[in-house]
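Chemist: Please put together the full structure from these sequences, using the hints given.
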Amino acid sequence: MAAHKDVPGLRIGEVAARTGMTIAALRAWERRYGLLTPARTAGGQRLYREADVARVRLVRRLVAEGWSIPGAVARLRAGGELEADVDGPTAAVRAETDMGEAGRAVLLAPLADIDSEAVLVAYQSARVMMRAARPTELRDALVALVERLGGTVGPAAEEDEEVLPVDLSLGEGPPLLPRASASSVARMRLEAILPGLVEDARELAHHQRLGSRRVNQQV
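Mapping the sequence shown onto our numbering, position 21 (from 1) lands on 21, and the numbers just tick up by one.
Just so you know, these hints were derived from the structure itself, not from any lab. Some clues are possibly wrong.
To be verified - Distance ranges between label pairs, derived from CB positions:
1. G34 x L120: 25 to 31 angstroms
2. E147 x H207: 22 to 28 angstroms
3. A42 x E191: 40 to 46 angstroms
4. A182 x A156: 14 to 20 angstroms
5. S183 x L47: 48 to 54 angstroms
6. A24 x P165: 24 to 30 angstroms
Virtual Cβ for every residue (Gly too), placed ideally from N, Cα, C.
Modeler: Encoded structure:
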């Protein structure tokens with residue numbers, strides 16, 4: 001049975017249906033994070049394994065608990081889930097057992113060398129983002145994150161060494177850029193934490209807008 005589950009035979013549409021994801025989102029996770037490991041037919045068509053289904057479900061479960069997508073993938077990679085063949089439900093049970101504070105420590109370990117306060121702020125900000133209902137709330141969460149880590153946020157202007165080239169506005173209003181002195185602790189914190197959370201915020205905002213459009217069309 002296990003050998004059968006290792007055989008790539010699932011089309012991406014079936015993986016999407018079984019994981020509650022869209023095909024576009026699955027392709028993005030494959031491209032950005034290396035989460036899926038499809039084989040290819042002679043004609044170039046991707047075929048997926050049960051292991052891919054299990055990985056997507058595990059990442060979705062972690063994200064629902066407040067992890068960022070890159071952090072959830074890093075958690076699985078640290079546990080060997082992205083390198084080893086995974087036998088579907090068995091892997092899901094094993095990973096779920098390993099979760100909790102010990103699992104979160106794997107994600108936050110790279111930030112521990114900065115300071116514990118930055119780790120806590122990053123975790124709390126991710127939780128706020130997961131509960132956000134609108135893109136403006138995601139934008140405000142990112143602004144609050146920058147300020148809590150010691151930086152400032154302002155409109156786009158002539159760039160200098162203090163500006164981090166990351167737009168926090170998410171398309172809600174004029175561009176907003178974080179700033180912190182190049183040699184400051186705040187800068188080190190922001191460079192370690194901000195890119196991953198901004199990427200996740202953009203993806204969340206995209207899904208929120210799609211959902212809003214569907215509601216408006218139904219009305």
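Chemist: Decide, hint by hint, whether the structure agrees.
Modeler: Each hint, compared with the structure:
no., hint, result
1, G34 x L120: 25 to 31 angstroms, "holds (28 angstroms)"
2, E147 x H207: 22 to 28 angstroms, "holds (26 angstroms)"
3, A42 x E191: 40 to 46 angstroms, "holds (44 angstroms)"
4, A182 x A156: 14 to 20 angstroms, "holds (18 angstroms)"
5, S183 x L47: 48 to 54 angstroms, "holds (50 angstroms)"
6, A24 x P165: 24 to 30 angstroms, "holds (26 angstroms)"
Consistency with the previously given hints is maintained throughout, with no hint failing.
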